[in-house]
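There are 2 protein chains.
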Amino acid sequence: MKIVSSLLPPREIQRSIREKFSEHEFHFFKQMEQVDEDLIADMEILITYAEDLHPEIIDRASSLKWISAMAAGIDRMPIETIEKRGILVTNARGIHAIPMSEFALGLMLSHVKRLADLRELQSNKTWNKWLPIGELCGKTLLVLGTGAIPEEIARLAGAFQMNVVGVNRSGRYLGEHFKKVHPIEQLNQLLPDADMVVSVLPSTPETKELLTYEHFERMKNNALFINLGRGDLMTLETLKRVLEDELVGHMALDVFPEEPLGADNLLWNYPNLTITPHLSSITENYLPRAFSIFEHNLAVYSGKADGDYLNKIDLTKGY
Amino acid sequence: MKIVSSLLPPREIQRSIREKFSEHEFHFFKQMEQVDEDLIADMEILITYAEDLHPEIIDRASSLKWISAMAAGIDRMPIETIEKRGILVTNARGIHAIPMSEFALGLMLSHVKRLADLRELQSNKTWNKWLPIGELCGKTLLVLGTGAIPEEIARLAGAFQMNVVGVNRSGRYLGEHFKKVHPIEQLNQLLPDADMVVSVLPSTPETKELLTYEHFERMKNNALFINLGRGDLMTLETLKRVLEDELVGHMALDVFPEEPLGADNLLWNYPNLTITPHLSSITENYLPRAFSIFEHNLAVYSGKADGDYLNKIDLTKGY
Numbered sequence: 039m040k041i042v043s044s045l046l047p048p049r050e051i052q053r054s055i056r057e058k059f060s061e062h063e064f065h066f067f068k069q070m071e072q073v074d075e076d077l078i079a080d081m082e083i084l085i086t087y088a089e090d091l092h093p094e095i096i097d098r099a100s101s102l103k104w105i106s107a108m109a110a111g112i113d114r115m116p117i118e119t120i121e122k123r124g125i126l127v128t129n130a131r132g133i134h135a136i137p138m139s140e141f142a143l144g145l146m147l148s149h150v151k152r153l154a155d156l157r158e159l160q161s162n163k164t165w166n167k168w169l170p171i172g173e174l175c176g177k178t179l180l181v182l183g184t185g186a187i188p189e190e191i192a193r194l195a196g197a198f199q200m201n202v203v204g205v206n207r208s209g210r211y212l213g214e215h216f217k218k219v220h221p222i223e224q225l226n227q228l229l230p231d232a233d234m235v236v237s238v239l240p241s242t243p244e245t246k247e248l249l250t251y252e253h254f255e256r257m258k259n260n261a262l263f264i265n266l267g268r269g270d271l272m273t274l275e276t277l278k279r280v281l282e283d284e285l286v287g288h289m290a291l292d293v294f295p296e297e298p299l300g301a302d303n304l305l306w307n308y309p310n311l312t313i314t315p316h317l318s319s320i321t322e323n324y325l326p327r328a329f330s331i332f333e334h335n336l337a338v339y340s341g342k343a344d345g346d347y348l349n350k351i352d353l354t355k356g357y
Numbered sequence: 039m040k041i042v043s044s045l046l047p048p049r050e051i052q053r054s055i056r057e058k059f060s061e062h063e064f065h066f067f068k069q070m071e072q073v074d075e076d077l078i079a080d081m082e083i084l085i086t087y088a089e090d091l092h093p094e095i096i097d098r099a100s101s102l103k104w105i106s107a108m109a110a111g112i113d114r115m116p117i118e119t120i121e122k123r124g125i126l127v128t129n130a131r132g133i134h135a136i137p138m139s140e141f142a143l144g145l146m147l148s149h150v151k152r153l154a155d156l157r158e159l160q161s162n163k164t165w166n167k168w169l170p171i172g173e174l175c176g177k178t179l180l181v182l183g184t185g186a187i188p189e190e191i192a193r194l195a196g197a198f199q200m201n202v203v204g205v206n207r208s209g210r211y212l213g214e215h216f217k218k219v220h221p222i223e224q225l226n227q228l229l230p231d232a233d234m235v236v237s238v239l240p241s242t243p244e245t246k247e248l249l250t251y252e253h254f255e256r257m258k259n260n261a262l263f264i265n266l267g268r269g270d271l272m273t274l275e276t277l278k279r280v281l282e283d284e285l286v287g288h289m290a291l292d293v294f295p296e297e298p299l300g301a302d303n304l305l306w307n308y309p310n311l312t313i314t315p316h317l318s319s320i321t322e323n324y325l326p327r328a329f330s331i332f333e334h335n336l337a338v339y340s341g342k343a344d345g346d347y348l349n350k351i352d353l354t355k356g357y
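Heads up: the sequence lines are chains A and B, in that order.
Residues 39 to 357 in my numbering are what the first sequence lists, from first letter to last.
Residues 39 to 357 in my numbering are what the second sequence lists, from first letter to last.
Note that these hints are calculated values from the structure, not bench results.
Check each hint, because a few of them may be wrong.
It does not matter which identical chain is used: a pair holds within one copy or between any two.
Computed list of lysine-lysine pairs in PhoX-like fashion (alpha-carbon distance at most 20 Å, straight line) [what the hints assert, rightly or not]:
no., residue 1, residue 2
1, K68, K167
2, K122, K167
3, K68, K217
4, K177, K217
5, K58, K342
6, K58, K350
7, K122, K246
8, K40, K163
9, K167, K258
10, K163, K278
11, K355, K246
12, K350, K167
13, K355, K167
14, K218, K58
15, K163, K68
16, K355, K122
17, K122, K58
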């Protein structure tokens, strides 16, 4: 059985998986473009970041039975074509909670501790002991969504004695780290109390362009807004107007309506915007964790282990 | 009774304390230099950051019976002169744990998430999704000291699933957040395993110049070293040699052998050193918390409340 990976994990991981599954033929590539026609036609399993697929590749991959997406978002895959063929799809859901919650807390602490201003003072060789510094302790954090990543953000923010509030579709909540969870309809009432608002929402028809200029008008004018989820949470126009009108104290965005940002993009210049290049979930531990899920699923697929697939996607629901 | 403060709290705090203790006469100043001779002679209680006292002031303050230090460190006070006069000294011990532990975690997260490099990418308008980002999760943190502030750092680092190890004089430990505490004699064996080393040690004869060049040689060459305690933990010469020889990956110092750093100080220029101006403990919540301790002690002093003084200093021990 031929297994193709359109991403290149560290040699250590390649060696380990080849050893454990020596009955299969593994082909690792840096990108999809490097995979030749014959191999595309022959591969039964494809390991991918789920951004390099289009209907035409799926058509050519006539032996393909399983796509192992090493990402959480599968919104850039040709779902319809894949569903028609009955191809199994799994993803890497769950491995994002630790790196993304750490990233969120890093941005939050960096903001209250004014690390960027302190860095600026250092480059100006200025000792200013009286720069006003804040705390997370006692502040109110509003998290959009209450899934695995929001839950981990809530747990960490709770450790810092923050008042952590969440919103989701129904307002139902069975976890333990949010102090209170409200239905999304109450968002407008919640925004004025939040010192920080964090979104890690995926892109779905319901979340697309969910946030409007009016939502930002309701936030505190010194609030910190962070989006690590998907860039279509608001339109580019909304984003620019909110920044220009300084409706919040600062924004930190890891995702944008269009990515990557080109060098001529005007967003780079806003002093009230921190830009990071869609990497909050990617750390040294990402591929080890993703391949550990893949190994479990490959053992199930090969009949070497009993049990269910981890993170099997229901394509009709999209998650 | 005349109460002088050589520091100026927000009006809200001044009003509140005047209301609660209307039988006393409060005088608030921005600094000691503004207090006139008569008032110095008449004041019975002095509220101070404990950096503006010298023997000659104590001599002139002939009515002085209580110094309420709104700081933790009292190593810059003329202890001998104060002790001879039998003046009561209290400090603000305990209110530093939250802001300083938040600051430590902020520096740690900023380091692994490479927020300074990401900021640099933004100013160069460069989208680089493949900048290698790290995690706190799974890393080993060594904290020098196991008092209230280290304990809070250990609690937060534990929430991030770090492996938190401590050292203190005896190796005895009754808290719950360190995984293991060793006696200081074992420091050399512990340093090679630490991904991060944090010191919040006060200045005492035992901690003065405790760390030598050889200690840094034993650390990982990508380790992060943070000092938020006192700047005399190592000599200026050690500090410079360690930075020049790049013995560790990065240093973040809030305290220095000599403070403040002048504009001509060479330390500003080291790319492997983050300089912050001795403010890790100072936040918007500092004075509210410090005055809440003072109010308790003033009620005891005035006979309005029973109980003991909070944070009474034993001058013979220095803490």
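Hint-by-hint comparison with the structure:
no.	hint	in the structure
1	K68 <-> K167	between (49 Å within a copy, 15 Å between copies)
2	K122 <-> K167	neither (64 Å within a copy, 33 Å between copies)
3	K68 <-> K217	neither (44 Å within a copy, 41 Å between copies)
4	K177 <-> K217	within (13 Å within a copy, 29 Å between copies)
5	K58 <-> K342	within (11 Å within a copy, 75 Å between copies)
6	K58 <-> K350	neither (22 Å within a copy, 64 Å between copies)
7	K122 <-> K246	neither (25 Å within a copy, 72 Å between copies)
8	K40 <-> K163	neither (59 Å within a copy, 41 Å between copies)
9	K167 <-> K258	neither (27 Å within a copy, 31 Å between copies)
10	K163 <-> K278	between (33 Å within a copy, 17 Å between copies)
11	K355 <-> K246	within (16 Å within a copy, 63 Å between copies)
12	K350 <-> K167	neither (54 Å within a copy, 27 Å between copies)
13	K355 <-> K167	neither (54 Å within a copy, 29 Å between copies)
14	K218 <-> K58	neither (45 Å within a copy, 36 Å between copies)
15	K163 <-> K68	neither (44 Å within a copy, 25 Å between copies)
16	K355 <-> K122	within (14 Å within a copy, 79 Å between copies)
17	K122 <-> K58	neither (32 Å within a copy, 76 Å between copies)
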